[in-house]
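Participant: Below are the chains, spelled out letter by letter.
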Amino acid sequence: MALTEQPVIPDAPPAWISILKMLWRDKFAFCAALFLLLMILCAVFGPALLEGVATKQNLRGRNSPPFDFSQPWVMWLGGDALGRPLLARIIVAAQNTLMVATGAVICSMILGTTLGLIAGYSSKWASQVIMRLADVIMSFPSLLLAVIVLYMLAPSVGNLIVVLAITRIPVYLRTSRAEVLEVRERMFVQAAQVMGASTRRIVFRHILPVVFPTLVTIATLDFAFVMLAESSLSFLGIGIQPPEITWGLMVSQGRPYLTTAWWLSFWPGLAIILTTLSLNLLSNWMRTALDPVQRWRLDTPRKK
Amino acid sequence: MDSTRVGCGRHGIGGSRGAIAGGLKWEETMPFKIGRTFAALLASTIAGQAYAQDAVTVVLSEELENVEPCMAAKSNIGRVILQNVSETLTELVPGEGLQPRLATAWEDKGNGTWSFTLRDGVTFSDGSTFDAADVVFSLERNKSDKFVCETGAKYYGGMELTTNIVDDLTVEITSNPPQPILPLLMSTLAVLPSEANADAFVDQPVGTGPYSFDEYARGEYIKLSARDDYWGEAPTVKSATYVFRSESAVRAAMVAAGEADIAPNIALQDATNPETDYSYPNSETVYMRLDLNTAPLDDVRVRQAMNYAVDKEAFVGTILADGTLLATGMTPPSTIGYNHDLTPYSYDLEKAKELLAAAAADGVPVDAEITVIGRLENFANVTETMEALTSMWQEAGLNIKLQMVETAEWNEYYSKPFAESGGPIVVEAMHDNANGDPVFSMFNKYASEGVQSGVTDTKLDGMIAEATAATGDERESLWKDTFAYVFNDLVADVFLWHMVGFTRVNERLDFEPSIKTNSELQLSQIKFK
Amino acid sequence: MNSFLGKRAIASAISLVGLIILVFFLSRLTGDPTDLYLPVDASLESRERFREINGLNDPLYVQFFRYMGDLVQFDFGMSIRRAEPALDAVLSAFMWTLQLALITMSLVTVSAIVLGSLAAFHVGGFFDRIATFFSLIGASAPDFWVAIVAIVVFSVTLGWVPTSGTGTLWHWILPIGVLFIRPFGLIVQIVRGSMITALSSAYVKTARAKGVKNRPIIFVHALRNAMLPVITVIGDQAAALLNGAVVVETIFGFPGVGKLMIDSILQRDFTVVLAAIFVTAVAIFVMNILIDILYAVLDPRIRY
Amino acid sequence: MAEHLLEVRGLTVDFHTARGVVHAVRDVSWHLDRGECLAILGESGSGKSVSASAVMNLIDCPPGEIVSGEILFGGQDVLKMSDEARRQLNGKRIAMIFQDPLSHLNPVYTVGFQIEEMLTAHDTPKEQARARCMELLERVGIPDFRNKIDSYPHQFSGGQRQRIMIAMALALKPDILIADEPTTALDVTVQAQILALLEELQAETGMGLLLITHDLGVVAEVADRVVVMNSGQIVEAGSAADVYRSPKHPYTKKLIGAVPGSGEMAAPLDTGIKPMLEINRLTKHFGAFVALESASLTVLPGETVAIVGESGSGKSTLAKTLLRLEDATSGEALYQGRDLVTIDARELFALRREIQMVFQDPTQSLNPRMSVYDIVSEAFAIHPEILPKARWKDRVRGLLEQVGLEAGHMHRYPHQFSGGQRQRIAIARALALEPKLIVCDEAVSALDVSVQSQVIDLLTKLQQEMGLSYLFIAHDLPLVRDFAHRVVVMQGGRIVEQGPVAEIFDNPRKDYTRNLMAASLDPDPEVQAERRRAKRRMQEELA
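Residue numbers (my numbering), protein chains in the order written: chain A, 1 to 304; chain B, 1001 to 1529; chain C, 2001 to 2304; chain D, 3001 to 3543.
No lab work stands behind these hints: they were computed from the structure.
As the structure is a prediction and not an experimental result, all values here were calculated from the model.
Be careful, since some hints might not be right.
[Said to hold, decoys possible] For lysine-lysine, the following DSS-like pairs were computed, each having C-alpha atoms within a straight-line distance of at most 30 Å:
| id | chain 1 | residue 1 | chain 2 | residue 2 |
| --- | --- | --- | --- | --- |
| 1 | B | K1238 | B | K1143 |
| 2 | D | K3274 | C | K2205 |
| 3 | B | K1527 | B | K1238 |
| 4 | D | K3173 | D | K3126 |
| 5 | C | K2213 | D | K3510 |
| 6 | B | K1480 | A | K56 |
| 7 | D | K3173 | D | K3535 |
| 8 | B | K1527 | B | K1223 |
| 9 | D | K3126 | C | K2213 |
| 10 | B | K1143 | B | K1401 |
| 11 | A | K56 | B | K1459 |
| 12 | D | K3080 | D | K3173 |
| 13 | D | K3461 | D | K3320 |
| 14 | D | K3080 | C | K2205 |
| 15 | B | K1351 | B | K1401 |
| 16 | C | K2213 | D | K3148 |
| 17 | B | K1416 | B | K1074 |
| 18 | D | K3080 | C | K2213 |
| 19 | B | K1146 | B | K1074 |
| 20 | D | K3173 | C | K2205 |
| 21 | B | K1351 | B | K1459 |
| 22 | A | K124 | C | K2213 |
| 23 | B | K1527 | B | K1074 |
| 24 | D | K3148 | C | K2205 |
| 25 | D | K3320 | A | K124 |
| 26 | B | K1223 | B | K1146 |
| 27 | A | K56 | B | K1351 |
| 28 | D | K3510 | D | K3274 |
| 29 | B | K1527 | B | K1351 |
| 30 | B | K1480 | B | K1074 |
| 31 | D | K3274 | D | K3461 |
| 32 | B | K1238 | B | K1529 |
[To be verified] Negatives, chain C to chain B, calculated, CB over 10 Å:
| id | residue |
| --- | --- |
| 33 | I2021 |
| 34 | V2062 |
| 35 | G2125 |
All C-beta atoms in this analysis are idealised placements derived from N, C-alpha and C, irrespective of residue type, glycine included.
Full structure from sequences and hints, please.
Facilitator: Written as structure tokens, this is what we have:
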């Protein structure tokens, strides 16, 4: 009854349960999440368990075809050009691959968001400097950056993260700045100002939490992008170098054999595709789940 | 026009643009039904390109940075220019030795002076006549200080050449110190007309060869066409187009699809069709250069162990092509002085371990980290090769770290002054000597002063100097001794393989690639079936 | 409007100068080109002479001021590798890339908008799921891998199109097709998201109350409103193409600026690298300004 | 039984929401005849718009679903028609206008295009459409319509935009016009004009008018019959006068009782007290635009000063300048002797405790990502001298109880509360700082009538308990009449008149104030009818 005011809506179940429920509603996203979980497990435990197997070469048994189930299970996806088991290598490579992508995404997100918040909520002058910086980074070819960093330092996972992180900064910078410009005009920010809240408090307590979901959505997409960028660098020969392995490097190394031994680049390629696809699906789901206007699509059983 | 044989006629990048352009004809010959309307739409804009019977297309792995004849010692430039556009005085023919080309005869006058008799009635493609002045001009131009010429640097460094024009068709060349293989060196000198720009690279080379240089559309193609007024036999191939694709799979596919006729340098795994794919020793030798001045590589037992630990046989027929030879020296077997008595180190892991243990017992730091520098894209499968080698050495108990680097960085390690790294360094390298004489290799690789030498050994310096100055059988036996000394006594390197190259040739051509295909590709030798 | 353009031009010029300075010094950190140009056997004297001829012996700041002095007169210097003016080399390559990018982005824009709009209109339906899934797969695959598979399938096996190169329009099909996939997948998603918002807006409700047919509701009422975020992404993707169709250009032997750039970077042909970055950066800045103008054209509320 | 123009029978619509299925309307029946005006009256969430949306085929499926019922138009059940057939009805036979015309007009097309589209979508040739569009714009009273036809919606004022919506809706002379809250968010004077226009046009065309509103005044002004809805059900129906005079259902009774403007007016406070706030010639310019010009007023301790005026009159600018959300161009605002306009940041920070603000829309003024506890206790985090951290929880609990919320709900988030409850949270937040003066910027405007009165009661109670002063910014005159001690009337950035509430309401001296009074609607249909007769007489006399 409106006159007595509507009763308070009951407490929602704990956040993680409702998230799981929403995830279950979107079967694509659910499978994607499962797959990603599996990949994370591979990344965490793979190298410790399979490092030795994955580097054991057998030149005379190179390029052995997949689906030969008489072999040990690590050979079920076939062997690579040095006769090393592909399945084991994919599992081991998950660590580097995910580490590069996660590292790059997190670094660029933190740096870009910080710069974006400053640009959006400080003097015009600082904002101009930061935006020009973003322009410069954006038009700075990532290839050159890769060559510079990898020439001066070694082509290690850490340095690759640096290269990829720098190139992705502008994405977060521009997004967070645009969002800040919008959010800072909202009334709850004014309300905080009226209470005497400091700039730092307003930025970190009021603006950042509102901007954050958008950034996380972008980060998910970017994760996929960074993985592909990493593989492109490997293709051009300026990415990570053996004996380190990533999926991108495996695809790149298997590429000469596409016509004769397709499995060399197919399986790691599939791993990349499935992972990025999962991330994209999850990001789509998140966009819906985080949007109060669209969320009902995940809350209710589908009618048709 | 012959579209049936090649299968896919309309894509041909054959030299002459077909006279019958226009949509109707094009649509009729279109063998596949991919949307007639689309075809009709495109038809008006596509110039009908068709195979000309006497035109060939060659697909190269890298673009030419320039088309300067004096840079023709670089294999990618030489393959297009040498003996097609620009000719040399002499020519080294595989299996036949040094043959006349622009010079018909040569004679040693003693004291380092050689007299060359030039061919009469030769004209350049710009119409001017070839004479002794052109030879002198070309030689002088190579030493210009306005630009740096590869030929000059590669073959004439360290000696002074003076010339004397006897008459229009006779020229004397004197070298100081005397150079017994001067006629062989002349097989690398591309002759330009004396009217050419003496101070800068030419972008429209003019030569005496059977083809004139028509056009270089950067990034797209180079076109050559046969000259009517060539002094020699008129070639069968009337025109040639060179295109550039960096992917071996694409190059192979182009020949398979009929878009190209010759694809030199395809990778082992792309050479799947015995009908079209020719393998041949390509004069490249792969070796690991050891740094003899840094522990533990300064101990001969460690170097021997590194040799014993590598199962070289295992690579052949797997990562590397069948027919790849195990190497015992820096130059391919066709070179004079090649020492056939040397046998490659066998694969003996136990022996390697023993040698290391013995060295360790004497206080050699065998467990120091050794950095192996590999050069990316050096040859097909180089990365796999390096990975495999690394793990073999690791198995022997050496502490090896592999680092694959791009060419610019690799150079820092390979050529003096060597990059400071603190630790022992092993550099993977591939050396090409198709010129038949070890002199082109030995000084730089082994003399104390050599730019890529990891060795400082006075005895070896003396042997190299002696062999360089000798002639005939003496030269051959001196080189033989030198090879043996490097291989057995010094164990200066880990010699790996003399490589095999693959070239895919369209079945319509009557052409067999040879050891020289790597650095030159004479269109006039190509015939049609 | 004019003052806006002026401000943007000045900001772009500042970024450009910053970019040139940064690239100039950073690229010199990647080593000396001498060894790359001279044969491995070249003597120390000839190396010295090469450095002398190309001005590599001067202190870096002298080289820099000399370069900037020339640049003011629009002289980008000579390419060491190609023995021609660096700007000529870049411009001819850039024209190829520009055409490639223009054609690809036009196709992407039209098809992604149609598909994304229809998916948004049938949101949650079968068509939407299929369109989303496949566009995401497209956006998830490493492009060099797709390129080689495409050559193997469409050129070698089926013989429909030429493998690579330039010449006829047929030669453009594969490179464009491969370049098409990733931006298409991404933009379909953006269009879809943006259109879902637009289609649930109040003015679309008005249009439905007016009895406007579905097609004009989607493509007249909702689309124009949904275009702003889409244009931003299209701009980003076009910039990415201008800057880095490297992989596709390399595989298909397409003489574009991306391939020129990577070759020049690996060959340390600094003048060409700088000229290439200059030209692409100018192109990107011009495009960004055009996009801002397009905003104003599409949305009359935006005035500068 | 005679056939009605439009009849809704037993309509039930379910909505699928985040928290399960909600019955938006249950078993709703009403009818509309030619030439009459039916009003559907209800508060937010009552489901008053749902049946109209069902008529127009505007219910998205999902989330909405028509479970049962029929909608008869000209004897035919439209729910059984094809989509195409229903599309042809829309606009041509049944047209609709909405609240908030700015968002309901497509921002990127000219109004001309949008009006013409109504015609072309129903097969009128383009040339004729343009001419008819001109006619319509002229008819609804758009000045300079020949040029304005190619302007965009944002280039018009709110009232003009609603006129454009009306022009569009009437383009094809429909049989029925559905007006969904057509005058909400418009100034009272503009509201009167729009309602008059609707009445005129109805008389002209003889169409049936279905008016959906929450405003009893609007019902009194235009409706012949009224249907009262609550929680998705019709609780009462009848002629407008009967329902107002003798409401049967308790809900209707409460609704009518909650309408402000009939209570006793407050007596002015003793003027001998020293004012706590003294504003002198406060001025704010935005470039060339004069938002506030030379405003002077005082506030006594424990006093409620209302600032009224139409949109753009500068009342919000006054509040923002006072709270230093905007910097004043000139003038002073002395709070207990200290000038708020010029004090430095440190002093301002201290003064923040004394002057607080409650904003118009609690949905926007509460950070959606903070819990109620976080929102309220933030005051202590910013001003740690108020309270040690250990006692925050107790204090938040106390504050929530003080504003009539359950203390146990402090860990919930704003979206879990209703609009009125959210405004209570905002008030609790303001109280946390223990202020002396609270600026209420349209603090109850967005709330339903019944909720409005509760919040006002709360504010009154707090004033009595704590001796608070209010600067109460509002556009709703009856509300002000019941609540304020003194009233300040603003127009175009200037104060035109101020004085004790009784003086202003009983004896306005300025035309502007009088017009404002005249335009505000009385909930009693008979009073409104009388006023209209009086107005007509005046016009006749003038003519």
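Participant: Decide, hint by hint, whether the structure agrees.
Facilitator: Okay, the hints, checked on the actual structure:
1. K1238(B) - K1143(B): 34 Å, violated
2. K3274(D) - K2205(C): 56 Å, violated
3. K1527(B) - K1238(B): OK: K1527(B) and K1238(B) at ~11 Å, within 30 Å.
4. K3173(D) - K3126(D): Holds. K3173(D) to K3126(D) sits at ~17 Å (cutoff 30 Å).
5. K2213(C) - K3510(D): Measuring from Cα to Cα gives roughly 52 Å; hence the hint is violated.
6. K1480(B) - K56(A): 40 Å, violated
7. K3173(D) - K3535(D): 28 Å, holds
8. K1527(B) - K1223(B): 18 Å, holds
9. K3126(D) - K2213(C): Roughly 16 Å separates the two Cα atoms, so the pair holds.
10. K1143(B) - K1401(B): 42 Å, violated
11. K56(A) - K1459(B): 43 Å, violated
12. K3080(D) - K3173(D): Distance of about 24 Å is within 30 Å: holds.
13. K3461(D) - K3320(D): Measuring from Cα to Cα gives roughly 26 Å; hence the hint holds.
14. K3080(D) - K2205(C): OK: K3080(D) and K2205(C) at ~21 Å, within 30 Å.
15. K1351(B) - K1401(B): Holds: K1351(B) and K1401(B) sit about 22 Å apart, inside 30 Å.
16. K2213(C) - K3148(D): OK: K2213(C) and K3148(D) at ~26 Å, within 30 Å.
17. K1416(B) - K1074(B): 20 Å, holds
18. K3080(D) - K2213(C): Answer holds: K3080(D) to K2213(C) is near 19 Å, not above 30 Å.
19. K1146(B) - K1074(B): 19 Å, holds
20. K3173(D) - K2205(C): Holds, at about 20 Å.
21. K1351(B) - K1459(B): 28 Å, holds
22. K124(A) - K2213(C): Given that 30 Å is the threshold and the Cα spacing comes to 47 Å, the pair is violated.
23. K1527(B) - K1074(B): 26 Å, holds
24. K3148(D) - K2205(C): 24 Å, holds
25. K3320(D) - K124(A): At roughly 22 Å apart (the allowed maximum being 30 Å), K124(A) and K3320(D) satisfy the hint.
26. K1223(B) - K1146(B): Given that 30 Å is the threshold and the Cα spacing comes to 28 Å, the pair holds.
27. K56(A) - K1351(B): 22 Å, holds
28. K3510(D) - K3274(D): 28 Å, holds
29. K1527(B) - K1351(B): With a Cα-Cα distance of about 53 Å, the restraint between K1527(B) and K1351(B) is violated, given a limit of 30 Å.
30. K1480(B) - K1074(B): Judged against 30 Å, a Cα distance of about 28 Å means the pair holds.
31. K3274(D) - K3461(D): At roughly 23 Å apart (the allowed maximum being 30 Å), K3461(D) and K3274(D) satisfy the hint.
32. K1238(B) - K1529(B): 15 Å, holds
33. I2021: 22 Å, holds
34. V2062: 21 Å, holds
35. G2125: Non-interface label stands for G2125(C): nearest chain B Cβ at 29 Å, farther than 10 Å.
Hints 1, 2, 5, 6, 10, 11, 22, 29 from the list above are not met by this structure, while the remaining hints are.
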